[in-house]
Amino acid sequence: MTDRTTIDRTSHLELEHHEKTFLDSNELIINMGPQHPATHGVLRVILKLDGEKVLGTECVIGYLHRGVEKIAEHRTYTMFNPYVDRMDYVAAVSNGLGYCEAVEKLLNVEAPRRAQYIRVVLTELNRLASHMLWLGTHALDIGAITPLFYTFRDREEILKIFEKYCGARLTTHAFRIGGCSYETYDGFEREVKKFLDFVTPKIDEYEELLTTNRIWVERTKDVGKISAKECIALGVTGPVLRASGVKWDLRKAQPYAAYPDFDFEIPVGQNGDTYDRYIVRMQEMRQSLRIIDQAIGKIPDGPIMAKIPKVMKPPVGEIYHSIEAPKGELGYFIVSDGSTQPYRVRVRPPSFVNLQALDMMVRGALVADVIAVIGTLDIVLGEVDR
Amino acid sequence: MAPVATTFFFYFLSALTVLSAVLVITRKNAVHSALALIVSLLGQAALYLMLYAPFVAGVQIILYAGGIMVLFLFVIMLVNIEKSQREDQFNKQWLVGLAAAIALGALFVLVYVKGRALFPDRAIQMPEQSNTQQVAVLLYGNYMFTFEIASLLLLVAIIGAVVMAKKRI
Amino acid sequence: MLDYITSYLNSDTTPGSAGNMFWAFVYIILIFLGLSVAVIAMNWLERKILAHMQVRLGPMRVGPHGLLQPIADALKLLIKEDIMPSQADPLVFWVAPLMVVITSFTVFIVVPFGPTHAVTDMNIGVLFMLGVSSLSVLGVVMAGWASNSHYPLMGALRSSAQMVSYEIAMGLAVVSAVLMTSLNKDGTGTLSMIGIVQAQQSQQVWFIFKFFPLGLIAFFIFAVAMVAETNRAPFDLPEAESELTAGFHTEYSGFRWSLFFLAEYSAMIAVSSIAVTLWLGGWMRPFPNALSGETWDLVFSLVPGLTFLFLAAMTFYSTARMPKHPYFKVQTIGLGGFGAVLALIGVALFVPPVRDRIQDIFWFSAKVALSMYMYIWYRGTFPRYRFDQLMKVGWKVLLPLGIGVLVLTAIAGILF
Amino acid sequence: MSPIGTLHYLVVAAALFILGVIGVLTRRNVVIVLMSIELILNAVNLNLVAFSRIWGLHGQIFAIFVITDAAAEAAVGLGILIAFFRNKETVNIDEVDLMKW
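First to last, the protein sequences are chains A, B, C and D.
Position in the first sequence counted from 1, then plus 7, gives you this note's numbering.
Position in the second sequence counted from 1, then plus 875, gives you this note's numbering.
Position in the third sequence counted from 1, then plus 68, gives you this note's numbering.
Position in the fourth sequence counted from 1, then plus 229, gives you this note's numbering.
I should point out that these hints are in silico values taken from the structure, not numbers from a laboratory.
Quick reminder that beta carbons are idealized off the backbone N, C-alpha and C, glycines included.
Treat the hints with care, since some could be wrong.
Beyond 10 Å from chain C on every Cβ pair, some chain A residues (computed) [to be verified]:
| id | residue |
| --- | --- |
| 1 | 43 |
| 2 | 58 |
| 3 | 155 |
| 4 | 176 |
| 5 | 177 |
| 6 | 194 |
| 7 | 203 |
| 8 | 226 |
| 9 | 234 |
| 10 | 241 |
| 11 | 257 |
| 12 | 313 |
| 13 | 367 |
Between beta-carbon pairs, the in silico distance windows are [claimed, not checked]:
| id | chain 1 | residue 1 | chain 2 | residue 2 | range |
| --- | --- | --- | --- | --- | --- |
| 14 | C | 393 | A | 267 | 52 to 58 Å |
| 15 | A | 203 | C | 393 | 36 to 42 Å |
| 16 | C | 149 | B | 1023 | 56 to 62 Å |
| 17 | B | 973 | D | 283 | 28 to 34 Å |
| 18 | C | 388 | A | 313 | 57 to 63 Å |
| 19 | C | 253 | B | 1027 | 31 to 37 Å |
| 20 | A | 218 | C | 386 | 47 to 53 Å |
| 21 | A | 327 | C | 153 | 49 to 55 Å |
| 22 | C | 358 | A | 201 | 48 to 54 Å |
| 23 | A | 268 | C | 386 | 49 to 55 Å |
| 24 | C | 463 | B | 1012 | 28 to 34 Å |
Which chain C residues face chain B? A few, computed with CB under 8 Å, are given here [to be verified]:
| id | residue |
| --- | --- |
| 25 | 159 |
| 26 | 160 |
| 27 | 162 |
| 28 | 166 |
| 29 | 170 |
| 30 | 190 |
| 31 | 192 |
| 32 | 195 |
| 33 | 198 |
| 34 | 202 |
| 35 | 203 |
| 36 | 206 |
| 37 | 213 |
| 38 | 256 |
| 39 | 259 |
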């Protein structure tokens, strides 16, 4: 993608609009980003505008490229583990879970039950944190500044739990191949339960501010519509897909970790517009709370690490394992040549794939909608660029 | 209100008005012209105030400076002016323009000399505090029909402008 | 000369109407200073109030509770490098902020802080205020154009369309209030700001409650339109941070930017004072006829002093709660001093001659302050409108509503 | 009575009128031509208001009507300008030489 854009960034934009528009010579080409308050990092969107109307977009990415996949080829399986935290840095726990489970599958080991329960609790907490951050920034983009501070206040509690558990707040590196790095600290269950009681009314508070807010509904209803068919064609996953009415969640479709043990629902929207995505994510936050509530009560006793060799040499072969990250399907494709280092690691990041839908969603909309749609896609540039 | 320093303000304002009118027709950049025109219009509004016509002055500010000039600036921004700035700004008719100006000036002088009696140097005392009320009485009394026609004219202008500027209807 | 100065003191008109230039200048300077102080205070209050709405503290470092923060900001802006883009149009770039700031200060010459506390009383007061404040859009448009950059240009286009659209609804609401002034024996209305308040006085009702709910609806239309007119949330599209980075003043920095800032806040105060004058009884105290009589007059005349004493008490409470660490010694003393100044003002406001003169100004300012608080509240609550929705609200909701209210007010005026 | 009489205002108005005529006749930019027309209309207004001091308020009423017309003229004129610019990509008045495209 980057290559193509360096050659000719706007040619395909020109081709698709033969019809004459208002003051043709004054079509504006605007560079939104990489330094822009609403592009969630360093996304650069080239907008072709007719007044306020968007005629086409082109995403230029790679400003945060660190070559994570290449780095993997020169690290042992264990050494690469912390790197995945740096991809989707607001959902580092999910990244770690996906990688660890993929390698475990390659090694043919399974993490002990206790470790899997801890994993579920932490991953769902992380999903909450990610959705909270999304809600705050998305609302900020649309102009509501207050929800940002509310969500950050509550996300802080989650980060405190992470910090107590593993010492890090953002790039947690909470799991190890074969289990968890750390045993839970004293009072872990009590604190998580306290957090659940604390956060449940808070989610109502966010909804009170936004769900029936006239301006919020007008700004999000019928904005950035995408149908289920288009979603599937583009490979869009996660809440964006579910808001279009497809009941697809890897936690149910291909259960992993301890998810089969829990009872939860997959929230689904109908219209596939920004408002539905908002509702779906809000519902998902409640479902996450439900899962945590079930899991935290019955964390089994036992070891937290499976028996894995000190020097990891997976058998020759390849594996694709994907999990439901907060933003969609996060997949790891790992090829092993039998040595201590992976031959190739390919990450299927949800943000990168979802970002493809941007152009389709904003064609013919207004500039303000581009901001709303970038927000609703919930991209993290660390993950898009890797 | 007792007028203060009428002579000074008259000469100051009329100099401002006329000089900015000169700038309007000589500036290369259309935005600069518009800026000068705004100054000229505001100067005229002040002159209206000196002529005890506060309502006209208010209308001048709110409609001309606040409405029409915004429209002008809006259109200048829409049309590509960099190109038009590189072109020659004046056409070949400057001779005609000069002749017209001289002829008009001569006409004005002539009219003044011949029709001096038409300008009695008296002024009726205008009650400034009730100017708006009196204008309103005239506007909705004697000139009611004209007023309605003016509103019709505005309606036609709205429709005309929309038809002209819209891409397709 | 001294006679000229003292002769005005017993006059019962504004210095402008009395033709007394000395006092007119004094009033202009007083208003200018008061406005600057109000803008500085507003800056601090907005940040503090917004912060407390958003579960944070706001400025806390510069001075006790960040009281000196606006001054520090002003200093920073003044000594900051004033950047002009190389491709900008220097003249227009230079004139635009001046235009905005001059227009938003000029309107204050007709704002009546009291029956005699205005620079002048114009026959066309309201028209003058609306007209001059509508000139600020020219400055905005010029700023956007002169920056020679896409974001400012889009901000300028948005702003010109927005301001021109909302002016119409605003004008209709104003006309329906002006119509109410003509409901007296001789049937002559007035556009004069002082005349409008006097009309409310003689009709014994604030126009917001007149012909309920017509006055209320007109006030509502004005209240919405004035937010749009001053480019504040939720109508802050011309400077929408998340869309156009900073809209029309993206390329401005330092002193010129601070002029835009100054103009925005004084424009907010200006439109608020129009609303207060037209609908909220201007300088009149609450319930002037229901709670009339000497006793109530006395009670209400104590309110300004009590307000300041209350503020002082709050300040002293915060002073007592300051950390006892020696590091905070200067700040604690400063806060206590500030409280002492407030208390002193409060006590001074109880002295009968001062008390009588300050009454009108206090009630007017209190109503304006309430309106300013609403501005902050909107900003903390609402998301931003989209451009087409903004236009829809302006043309399809407020304009028909305004026409309807105008017609109904006229009918009600004939019937009752 | 101040030394400034009606005549002074008429002279200013005449100067504005002449400047407007020169602008209309010599400029090539349509926008500036339209602005010059505004100048002419304003000169007329100044005359009307100046005369209204002698013969009563009717001049001011006429000035208001002229301002109304100016608004209508500006709207239609700028509409035509945009239509013209869309087709010819220029604002040069010398190139307005066709009645229809």
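C-beta pair residue 203 (chain A), residue 393 (chain C): status relative to the range 36 to 42 Å that was hinted
holds, 38 Å
10 Å cut-off, C-beta based - residue 155 (chain A) kept clear of every residue in chain C:
violated, 8 Å
Pairwise beta carbon distance, residue 218 (chain A) to residue 386 (chain C), judged against the given window 47 to 53 Å
Given about 37 Å between the Cβ atoms, the range is violated.
Taking the Cβ atom of residue 149 (chain C) and the Cβ atom of residue 1023 (chain B), is their distance within the range 56 to 62 Å?
holds, 58 Å
Given a hinted range of 57 to 63 Å, is it respected by the beta-carbon distance of residue 388 (chain C) and residue 313 (chain A)?
holds, 60 Å
Would the stated hint for residue 166 (chain C) survive a check requiring a Cβ distance to chain B of less than 8 Å?
Violated: closest Cβ of chain B sits about 12 Å from residue 166 (chain C), beyond 8 Å.
Just to be careful: measuring from the Cβ of residue 213 (chain C) to every Cβ in chain B, is the smallest value less than 8 Å?
Since chain B brings a Cβ to about 6 Å from residue 213 (chain C), closer than 8 Å, the hint holds.
With a cut-off of 8 Å on the beta carbons, see whether residue 190 (chain C) makes it to chain B.
Holds, because the Cβ-Cβ distance from residue 190 (chain C) to chain B comes to roughly 7 Å (cut-off 8 Å).
A cut-off of 10 Å on Cβ-Cβ distance, and residue 257 (chain A) was said to be off the interface with chain C. Does that hold?
The assertion about residue 257 (chain A) holds, with a minimum of 32 Å to chain C.
Distal placement of residue 194 (chain A) relative to chain C, Cβ over 10 Å
holds, 26 Å
Per the hint of 49 to 55 Å, is the separation of the Cβ atoms of residue 268 (chain A) and residue 386 (chain C) within bounds?
53 Å Cβ-Cβ, so the 49 to 55 Å window holds.
Does residue 226 (chain A) sit more than 10 Å from chain C, CB to CB?
Residue 226 (chain A) is in fact no farther than 10 Å from some Cβ atom of chain C, at 6 Å.
Hints 1, 2, 3, 8, 20, 27, 28 and 29 from the earlier list are contradicted by this structure; the remaining hints agree with it.
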